Amino acid sequence: MTRKATTDEGSSLVETVIAVSLMGLVVAGVLGAMWSSVRLSRFSDDQAKVEAVLGSAADRLANYAYIPCPTLTGNGGYLPIVQAAAGTVDWPTTTVTVVSLRYWTPTSASEGTWADTNGLSGTQCNESVSLTTARTLQLITISVTSPSGYSKQLEVVKNNVFPRVIS
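First residue of the sequence shown? That's 1 in the numbering used here, and the numbers climb one at a time after it.
Just so you know, these hints were derived from the structure itself, not from any lab. Here the structure is a predicted model, which means the values were calculated and not measured. Ideal Cβ positions, reconstructed from N, Cα and C, are used throughout, including at glycine. Do not rely on the hints blindly, as some may be mistaken.
[To be verified] Pair by pair, the computed Cβ-Cβ distance ranges are: (1) GLY87 - VAL26: 42 to 52 angstroms; (2) LEU31 - ASP90: 24 to 34 angstroms; (3) VAL30 - ASP116: 51 to 61 angstroms; (4) GLY87 - SER36: 24 to 34 angstroms; (5) PRO106 - GLY76: 37 to 47 angstroms; (6) GLY112 - ALA33: 51 to 61 angstroms.
Take the sequences, apply the hints, and build the full model.
Dropping the structure here:
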């Protein structure tokens, strides 16, 4: 019997290019999926931090003294109190703002509405003034915007109603 000699010719250039191309497509797909996962993780992290700052700002606002005639910006209102919440995630204080202040205005014995202007002014803006429904509730809208641009708002009702002491 005669044996036919086999020769190892290897792969052709076309076969090598096709194999490398297929490997490149697979690697590109895996890297794309990983990059999407990283971006989604960053976005989720931003969402969680915004929620944490909003919660902290609402807690700080709830535990702070009632201001009868607050200003929307500056030190005459709630802004410095809520901006301190940005420190919980090491963000600049400018990421937290007070968007609006609204005041409860009773329209009848059983109804009322939120107004953009405060019903109190001048000497009424004093803690010693007797408690009235008109000066009891404030609707404060807080906004938090992450450094990457994700933003969320929360409305908090601040009141000047103290629990009665039962003897």
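### Message
Are any of the numbered hints broken by this structure? If so, which, sorted upward?
### Response
Failing hint: just 5.
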